[in-house]
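Chains as they are written, first to last, in numbering that gives the first Met the number 0: chain D, 0 to 585; chain E, 0 to 133; chain R, 0 to 246; chain C, 0 to 112.
Quick caveat, the hints were computed from the structure, so don't treat them as lab data.
It cannot be assumed that every hint is accurate.
Here are some of the chain R residues that sit facing chain C, going by a computed Cβ distance under 8 angstroms [claimed, not checked]: (1) 193; (2) 196; (3) 197; (4) 198; (5) 205; (6) 232; (7) 235.
In silico DSBU-like pairs for lysine-lysine, Cα to Cα no more than 30 angstroms straight-line [claimed, not checked]: (8) D/29 / D/57; (9) D/91 / R/143; (10) D/276 / R/166; (11) R/77 / E/95; (12) R/166 / R/143; (13) D/307 / R/140; (14) R/122 / R/141; (15) E/95 / R/166; (16) D/455 / R/141; (17) R/141 / D/322; (18) R/230 / R/143.
Since this is a predicted model, take the numbers as computed values, not measurements.
Cβ atoms here follow ideal geometry from the backbone N, Cα and C, with glycine treated the same way.
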Amino acid sequence: METIKTDVAIIGAGGAGLRAAIALAEADPKLSVALISKVYPMRSHTCAAEGGAAGVIKPDDSMDYHFNDTVGGGDWLSDQDAVEYFIQEAPKELTQLEHWGCPWSREANGSVAVRPFGGMKKQRTWFAADKSGFHILHTLFQTSLRFPSIQRFDEYYATDLIVDDGRCQGFTAIEMRSGQMKHFQAGAVIIAGGGAGRMFPFTTNGAVKTGDGMALAYRAGVPLKDMEFVQYHPTGLPNTGTLLTEACRGEGGILVNKNGRRFLQDYGMGPETPVGKPQLKTMELGPRDRVSQAFWQEQKKGNMVSTKWGDCMMLDLRHLGEKKIDERLPLVRDVSVSYLGVDPVTDPVPVRPVVHYMMGGIHTDIRAATPLPGLFAAGECACVSINGANRLGSNSLTELLVFGRRAGLSAAEYVRSGASAGNDAALAGKAAAAQARIRALFEKTGGRESLAGLRKEMMTTMEDNAGIYRTEGELLAACAKLADLRRRYADIELNDKTNVYNTDLLQALELGSMLDCAEAVTVSALERRESRGAHQRLDFVERDDKKFLRHSLAYYHPSGPPRIDYRDVVITKSQPGVRDYSGDHK
Amino acid sequence: MGEKMSRKPYVREVPKYSWFFRRPRYMRYMAREVTCIFIGAYTLLLLVGVMRLSQGQAEYEAFLAALRSPVSVVFHLLALGFSVYNTATWFNVTPKALPVQIGEEFLPGGVITGAHYLGWAVLSLAVLLMAGVF
Amino acid sequence: MSERVYQLEVLRYHPETDSEPHFQRYSVSCEEEWVVLDALNRIKETIDPTLSYRWSCHMAVCGSCGMMINGEPMLACKSFLRDYQGVIRVEPLAHFPIERDLVTVIDDFMDKFKRVKPYLIPKHEKPVSEGEYLQSPAQLKKFKQYTMCINCMLCYAACPEYGLIPKFLGPAAISMAHRYNQDSRDGGRDERQEEIATTEGVWECSFVGACSEVCPEHVDPASALQQVKIKSTVDWYKEHLMPWVKK
Amino acid sequence: MAKSNKPIIWGTFAAGGTLSAFVTPVLILLTLLVALGHTPEMLAYARLHAFAAHWFGKLSLFAVISLSLWGAAHRLRITCYDFGIRADTLVATIVYLVAAFGSVAAIVYLSRI
Ligand SMILES: Cc1cc2nc3c(=O)[nH]c(=O)nc-3n(C[C@H](O)[C@H](O)[C@H](O)COP(=O)(O)OP(=O)(O)OC[C@H]3O[C@@H](n4cnc5c(N)ncnc54)[C@H](O)[C@@H]3O)c2cc1C
Ligand code: SF4
Ligand code: F3S
Ligand code: FES
Chain D
0 METIKTDVAI IGAGGAGLRA AIALAEADPK LSVALISKVY PMRSHTCAAE GGAAGVIKPD
60 DSMDYHFNDT VGGGDWLSDQ DAVEYFIQEA PKELTQLEHW GCPWSREANG SVAVRPFGGM
120 KKQRTWFAAD KSGFHILHTL FQTSLRFPSI QRFDEYYATD LIVDDGRCQG FTAIEMRSGQ
180 MKHFQAGAVI IAGGGAGRMF PFTTNGAVKT GDGMALAYRA GVPLKDMEFV QYHPTGLPNT
240 GTLLTEACRG EGGILVNKNG RRFLQDYGMG PETPVGKPQL KTMELGPRDR VSQAFWQEQK
300 KGNMVSTKWG DCMMLDLRHL GEKKIDERLP LVRDVSVSYL GVDPVTDPVP VRPVVHYMMG
360 GIHTDIRAAT PLPGLFAAGE CACVSINGAN RLGSNSLTEL LVFGRRAGLS AAEYVRSGAS
420 AGNDAALAGK AAAAQARIRA LFEKTGGRES LAGLRKEMMT TMEDNAGIYR TEGELLAACA
480 KLADLRRRYA DIELNDKTNV YNTDLLQALE LGSMLDCAEA VTVSALERRE SRGAHQRLDF
540 VERDDKKFLR HSLAYYHPSG PPRIDYRDVV ITKSQPGVRD YSGDHK
Chain E
0 MGEKMSRKPY VREVPKYSWF FRRPRYMRYM AREVTCIFIG AYTLLLLVGV MRLSQGQAEY
60 EAFLAALRSP VSVVFHLLAL GFSVYNTATW FNVTPKALPV QIGEEFLPGG VITGAHYLGW
120 AVLSLAVLLM AGVF
Chain R
0 MSERVYQLEV LRYHPETDSE PHFQRYSVSC EEEWVVLDAL NRIKETIDPT LSYRWSCHMA
60 VCGSCGMMIN GEPMLACKSF LRDYQGVIRV EPLAHFPIER DLVTVIDDFM DKFKRVKPYL
120 IPKHEKPVSE GEYLQSPAQL KKFKQYTMCI NCMLCYAACP EYGLIPKFLG PAAISMAHRY
180 NQDSRDGGRD ERQEEIATTE GVWECSFVGA CSEVCPEHVD PASALQQVKI KSTVDWYKEH
240 LMPWVKK
Chain C
0 MAKSNKPIIW GTFAAGGTLS AFVTPVLILL TLLVALGHTP EMLAYARLHA FAAHWFGKLS
60 LFAVISLSLW GAAHRLRITC YDFGIRADTL VATIVYLVAA FGSVAAIVYL SRI
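Make the full structure from the sequences, and use the hints.
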């Protein structure tokens, strides 16, 4: 097996991974950086983000507002020291991106424009039409080409972290085009592997978002934090799950039920605001968890529009007019017309909530460091945590930048602080063991389970039992089912036993990651017997700060369910209170 | 998962002499390109005309007389067809090469192309008038 | 929702067993509103797990699923089954070596893309603490269209000159250079000219225009290339005929 | 890599292409009339000679002939390549020589008028 030695290795070349790589290259050009990604960097799912990135920039806004919105939006499960760091760094990072060429939309006077977003008290979401994530990703990727110290390994799939002497010293990865295993020996490793939405059948997430990054850390003993918090975005296309950005509502779009009623006013987000005059932090600009839950309640009452794709609410943008839609929401119009056949300029678009984002992830501290020395994590796969029980739209892109950079700097510090050199023989032995594990899966014959079959069962289980509202009974069933699926996973056999670009093997490994993450989600959800943010229990409808103002930590067990532990939330200045989305009417 | 390298990328050669038969758009492109043969040949004809003009009246009139042959008529018709095609393709892509931004907005391509067609028509009419065709 | 059986003819190539690619026919039941990518996914899930291809976003933004569909370079996630009649032929992107099945080797594009310095080289350095560079909506609009490139390489598969002259830098790379050249914040044109004003650069383009016809994001690379030619020509005349004019 | 010298010729190609897009069709139309036996007045020896004797006439005729030739020559070079004739240097030399001779000849003849 070839060994590639590098100072820092990064798994994932999405927004977070690229930002980390650039931070490292800028901090110390002498450090060698290996950037590994299972897809070419520009294919990473950051490219799909539409709405924008939050950062305080305009004079009527303040750091305190952003802080309060984020902490309240997260139902007080956010670590407030992390949020403080986050909001302070946010405008710097977004400006830095501007200096790197990001084509942010502009005001007439040439300054960057901002738009309203759900749960935000002020307009502070920087945007590049409705392809913000795309432009952020490409700006970062293109900027990264400037730095000779960043060496890319595109289409390499990381399989196992190598831990020796109590610290992470690299990993093994399959070079997809040759099918060969490589051993990356690194002074420090950063995981930026993105989310895990693909464990659900109906999601805005691309095929790459299979939770590999989380699973890598998890299996190496690092806990996954707050995994029960899975965000549903209220407005996805009902057939493909393609996202219609929250900016639709930020620009003034409204949500109505089959009677034409703007039903959000009936769920604590009223009173009604005039059509076309969106008011911040109320009605359609409420937070995602609340809006998705309101949909669920209305559906139960039979107030939704039934379509051939299931029950939907209607997103009405017509009053914005063609010009504004084309200027601010061109992608929204394009995807609605082409995938659904509905033109938002002339008709309301049927939409329904769709799995979108993982609030939980690899447990890291405010320095982006995990409890395992030498291992750092950033981006959607990490949980710092600033998002708490519910992420506010447009905080995530900023998070990638702020904590991507932080992870890079922390890794540089760690490497330069001179941890002793690794034991080459021991590391090679562990890499060989990792290779043997994959080879066993690869060569196995006589397996009785099919990859597609298990994947489908997992997805159905998650959709049916771990959705917007949950109960003890459903969660118990889901945990049992996932435990069973994990056992059966050992019995799959690949159909494709060749080396070159073997996507069958890749999907099998991805399924392994998703099963691990899915079990962490359901077990953590089962144990959290309260309702908070995106985690709603029909059997425990109240928030319970006494017992559960704590982060859950799921610890991996190779053959059984994870062990769940808890950890206090860091509270500095905002005591848990009531989330108010009545637009200052109370 | 073999230790041996098993890659063997397959390169599909582009057929050197016949690639343009593959897609209609390539045929359209080649049609545009071969207009140069007719335009070039016609320009050489003009050059001969100028030469004859410089040699004297008799020579020039012999040149004009020589033009009156069926071959020449066919050549002229072909050349006219190709040169009009060339003009159309040229004007149609002009907005790509020379976009005009006024304030924030770009002038729609159709306006630029249209202006060219208009100019072309006016110029051609002027030449015909001057030449005493009407 | 109604399903129908569609016929797909997919080019298969497996380097470990095949000496050359061959077509394989699949009949697969699909919903009528589906795209070709959905059909491929269903084939992989239910008929043939060994079929390899790239995809991720299913919304025409990640640029991975470019393939030849009935001979045209297309994004599989934006090619609707309803737009085709009869057997649908699916092949890997033209002009790129085939790694396996529908997966191509794109090293050449990645190298060229990097060569044109596709990043901002600031006209005036300015620390982040001094805030953003001002840029009017008109200045933004001047280059915005060229930022929309998703690196799908459909334009390379469409451009015959790239097929004939593999050294040609090609439409997307040059358009990206042009994008930065046109950016009011940028001052790096001279550096990029070293790459793009060369024979293998913009001068191998004979303005076929196919690149713009197939571009799914309406980047219009052909326009960028012609503008680069005009500017390079003006540069050349200035440099050689009017050496006293300083740039 | 060195910058290309193609701009010299491309400049004349662009200028020639534009010029011939505007004027070649109508010129062909004029001589087509001759071919059909309806010689336009302007093409009568005396009128045309007078036109070509004026400096403006000389200049216009020279511009049309020379630029159109260069434009066509350059395009022909690329067309040859597209047709699979890959001896580019040879092709280029021939077509550009023709264009150059044509331009010189035009000057010589026009100067004699
Ligand atoms: C449709 C959509 C719209 C969104 N809109 C917004 C928005 O408007 N505002 C906002 O703030 N947030 C938004 N989000 C959320 C945000 O875009 C994501 O959370 C964020 O982009 C994740 O970035 P990342 O860098 O963590 O991961 P990604 O960009 O997903 O990158 C993950 C990387 O990890 C690599 N990788 C994964 N596993 C492996 C492995 N095993 N081996 C090697 N490499 C691996 C992948 O190749 C990839 O490069 C949106 C999300 C979606 C899905
Ligand atoms: S220019 Fe268009 S076709 Fe070419 S790579 Fe970019 S998006 Fe794709
Ligand atoms: S198709 Fe090719 S030749 Fe030029 S205009 Fe486009 S790059
Ligand atoms: S799957 Fe992303 S562009 Fe088609």
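Going down the list of hints, with the structure as the test:
1. Because the smallest distance between the Cβ of residue 193 of chain R and any Cβ of chain C comes to about 7 angstroms, under 8 angstroms, the interface hint for this residue holds.
2. Taking 8 angstroms as the C-beta cut-off, the interface hint given for residue 196 of chain R holds, the closest approach to chain C being about 5 angstroms.
3. Checking residue 197 of chain R against chain C by beta carbon gives a least distance of about 5 angstroms; that is within 8 angstroms, so the hint holds.
4. Evaluation of the residue 198 of chain R hint against chain C yields a held restraint, the C-beta minimum of about 4 angstroms falling below 8 angstroms.
5. Evaluation of the residue 205 of chain R hint against chain C yields a held restraint, the C-beta minimum of about 5 angstroms falling below 8 angstroms.
6. Against a cut-off of 8 angstroms between C-beta atoms, the interface hint on residue 232 of chain R holds, since the closest Cβ of chain C lies about 4 angstroms away.
7. About 4 angstroms separates the beta-carbon of residue 235 of chain R from the nearest beta-carbon of chain C, less than 8 angstroms, and the hint is met.
8. With a CA separation close to 38 angstroms, the supplied pair residue 29 of chain D and residue 57 of chain D exceeds the 30 angstroms bound.
9. Under the criterion of a C-alpha separation no larger than 30 angstroms, the hint pairing residue 91 of chain D with residue 143 of chain R is consistent with the structure, at around 23 angstroms.
10. Between residue 276 of chain D and residue 166 of chain R the alpha-carbon distance is near 55 angstroms, which puts this suggested pair outside the 30 angstroms criterion.
11. Between residue 77 of chain R and residue 95 of chain E, the direct Cα distance comes to roughly 26 angstroms. Compliance with the 30 angstroms bound is thereby established for this hinted pair.
12. Restraint check for residue 166 of chain R and residue 143 of chain R: the C-alpha separation of about 28 angstroms stays at or below 30 angstroms, so the hint holds.
13. Between residue 307 of chain D and residue 140 of chain R the CA atoms are separated by roughly 40 angstroms; this puts the pair beyond 30 angstroms, and the hint is violated.
14. For the given pair, residue 122 of chain R sits about 17 angstroms from residue 141 of chain R by alpha-carbon distance, which is consistent with the 30 angstroms threshold.
15. In summary, the hint linking residue 95 of chain E to residue 166 of chain R is supported, as the alpha carbons are separated by about 24 angstroms, within the 30 angstroms threshold.
16. With a C-alpha separation of about 47 angstroms, the suggested pair residue 455 of chain D and residue 141 of chain R falls outside the 30 angstroms cut-off, and the hint is violated.
17. Taking the CA atoms of residue 141 of chain R and residue 322 of chain D, the gap is near 19 angstroms; set against the 30 angstroms cutoff, the hint holds.
18. A distance of roughly 19 angstroms separates the Cα atoms of residue 230 of chain R and residue 143 of chain R; the hinted pair therefore holds under the 30 angstroms criterion.
The structure shown violates the earlier hints numbered 8, 10, 13, 16.
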